[in-house]
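On the provided structure of chain C, position chain U with the ligands as indicated by the hints.
Which chain is which? The protein sequence lines are C and U, in order. In terms of numbering that gives the first Met the number 0, the first sequence opens at residue 0 and continues consecutively. In terms of numbering that gives the first Met the number 0, the second sequence opens at residue 0 and continues consecutively.
Don't take each hint at face value.
What the hints assert, rightly or not - The following label-pair restraints were derived from C-beta to C-beta distances: (1) U:Cys-194 x C:Thr-76: 52 to 60 Å; (2) U:Gln-139 x C:Asp-39: 52 to 60 Å; (3) C:Ser-157 x U:Leu-90: 23 to 31 Å.
Just so you know, the hints here were simulated from the structure itself, not pulled from any lab data. For clarity, every value in this text was computed on a predicted model and none was experimentally measured. The C-beta atom is built at its ideal place from N, Cα and C for all residues, glycine as well.
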Amino acid sequence: MSAAKPRKRLATVWLAGCSGCHMSFLDLDEWLLELAQHADIVYSPVASDQKRYPPAVDIALVEGGVANSDNLALLKTVRANTKVLVSFGDCAIHANIPGMRNMLQGADPVLRRAYLDLADSSAQLPHAPGLIPELLDQVLPVHELVPVDVYLPGCPPSADRIRTVLEALLQDRRPDLSRAGEIRFG
Amino acid sequence: MSVCTLRIDDQDVAIAAGSTVLQAIRSAAIAVPTLCHLDGLSPVGACRLCLVEVEGSERLLAACVTTVQDGMRIHTNSSRLQEMRRTLIELLFSEGNHICAICVANGQCELQDLAVRVGMDHSRFSYRYPNRCVDLSHPQFGLDHNRCILCTRCVRVCDEVEGAHVWDVGWRGEHCQIISGLAEPWGAVEACTNCGKCIEVCPTGALFHKGEGTDEKHGHPGRLAALVQGRSRQELEP
Ligand code: SF4
Ligand code: SF4
Ligand code: SF4
Ligand code: FES
Numbered sequence: 000m001s002a003a004k005p006r007k008r009l010a011t012v013w014l015a016g017c018s019g020c021h022m023s024f025l026d027l028d029e030w031l032l033e034l035a036q037h038a039d040i041v042y043s044p045v046a047s048d049q050k051r052y053p054p055a056v057d058i059a060l061v062e063g064g065v066a067n068s069d070n071l072a073l074l075k076t077v078r079a080n081t082k083v084l085v086s087f088g089d090c091a092i093h094a095n096i097p098g099m100r101n102m103l104q105g106a107d108p109v110l111r112r113a114y115l116d117l118a119d120s121s122a123q124l125p126h127a128p129g130l131i132p133e134l135l136d137q138v139l140p141v142h143e144l145v146p147v148d149v150y151l152p153g154c155p156p157s158a159d160r161i162r163t164v165l166e167a168l169l170q171d172r173r174p175d176l177s178r179a180g181e182i183r184f185g
Numbered sequence: 000m001s002v003c004t005l006r007i008d009d010q011d012v013a014i015a016a017g018s019t020v021l022q023a024i025r026s027a028a029i030a031v032p033t034l035c036h037l038d039g040l041s042p043v044g045a046c047r048l049c050l051v052e053v054e055g056s057e058r059l060l061a062a063c064v065t066t067v068q069d070g071m072r073i074h075t076n077s078s079r080l081q082e083m084r085r086t087l088i089e090l091l092f093s094e095g096n097h098i099c100a101i102c103v104a105n106g107q108c109e110l111q112d113l114a115v116r117v118g119m120d121h122s123r124f125s126y127r128y129p130n131r132c133v134d135l136s137h138p139q140f141g142l143d144h145n146r147c148i149l150c151t152r153c154v155r156v157c158d159e160v161e162g163a164h165v166w167d168v169g170w171r172g173e174h175c176q177i178i179s180g181l182a183e184p185w186g187a188v189e190a191c192t193n194c195g196k197c198i199e200v201c202p203t204g205a206l207f208h209k210g211e212g213t214d215e216k217h218g219h220p221g222r223l224a225a226l227v228q229g230r231s232r233q234e235l236e237p
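Just chain C, same shape as in the assembly (with noise of 0.2 Å):
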């Protein structure tokens, strides 16, 4: 007889998105109590109270793009301590309305923007270092900075999208939503 599978551990990451992935993530409803028997969710905006990153995650979730320092940071330690790591949503796959702020080339003309020339009274840029994020000059997708495992693409990809790509993880596949179609972005 073979032993039980063993639980998988499952993160999900919020870099630079508006968490609607997220959102589309809880709307899988009744279907989060089956993946709370197959999964553990170790790391998660939504579901835990875990602040750092734990080692040896199976499968993350990273919704996102990577706008500052932080994302960066945590990006990197996602790669490090993760087998299967799903670029999920647009903005993780390629920036999305994050990445809008690319068309301003660079980080200072987008601060000089938001904080000097839209400012009513005050202006006056950022400057915390160590506190606040640097924003990089680019806001990146995911795959462009780390190895990508699987794409779900989608603003926000849909619950059912979602599932199934956490439905085959969860049983060592690897999805193929390329063949059935289901890879639109938007």
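Then chain U with the ligands, alone, in the frame of chain C:
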């Protein structure tokens, strides 16, 4: 009328001499993606999505601008072609500024559909984020250059079908863009009849009706063929 016989993938196809390879492919109900091609407009071979392999030719040929020849042997779906189509779509996405989630054409866009069809779940090319503008000078319509893929359908429909010739292609290389009149604001071009044909045939969210929000543009490229056919039979007044 003489007929050409050709072999496309594993089908024998007979078609009138003078037809294009694309017409032969379509007559055999084989699916080859196209973007700049539109029934009712002259072909230009701008997007290269319809590239096919023709035995005996080193080069890949664009099916929409290649005339059939008797005995041609054509392959439409080799792994090399599949890879090339995906690459082309990735390049189109990375070249402009495509944020489908907030686009008027989201859910109704031929480029977005093609990305699904060629299996593009991410782009292997970094996006360029070019600095492009939006022309809202026309009272009814808008043109967002960020989403334009330079297929020239608008140029051709306005010239060939509406006869107004508002549009042209201006500049070169990365600065290449659709221009109205002599690179004037669209609203300043008196030749425009406000017919809306360019909006209908635009495959993307680049041309739209003012007031259309996210997901609200519904292009009707298919209507053009009926209009052109009706006119040629003089069923419809030009
Ligand atoms: S034009 Fe099409 S591909 Fe471009 S942003 Fe709009 S929906 Fe997406
Ligand atoms: S509305 Fe009609 S006339 Fe005006 S630019 Fe478009 S196709 Fe040409
Ligand atoms: S505006 Fe639309 S129809 Fe005209 S070239 Fe651009 S994508 Fe094609
Ligand atoms: S459809 Fe043939 S080149 Fe665009």
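These are the hints, each one checked on the structure:
1. Here the CB-CB span from U:Cys-194 to C:Thr-76 is close to 57 Å, well matched to the stated 52 to 60 Å.
2. Judged by the Cβ atoms, the range 52 to 60 Å given for U:Gln-139 and C:Asp-39 holds: they are separated by roughly 57 Å.
3. Restraint check, C:Ser-157 to U:Leu-90: a C-beta distance of roughly 28 Å satisfies the suggested window 23 to 31 Å.
Hint compliance for this structure: every hint is met.
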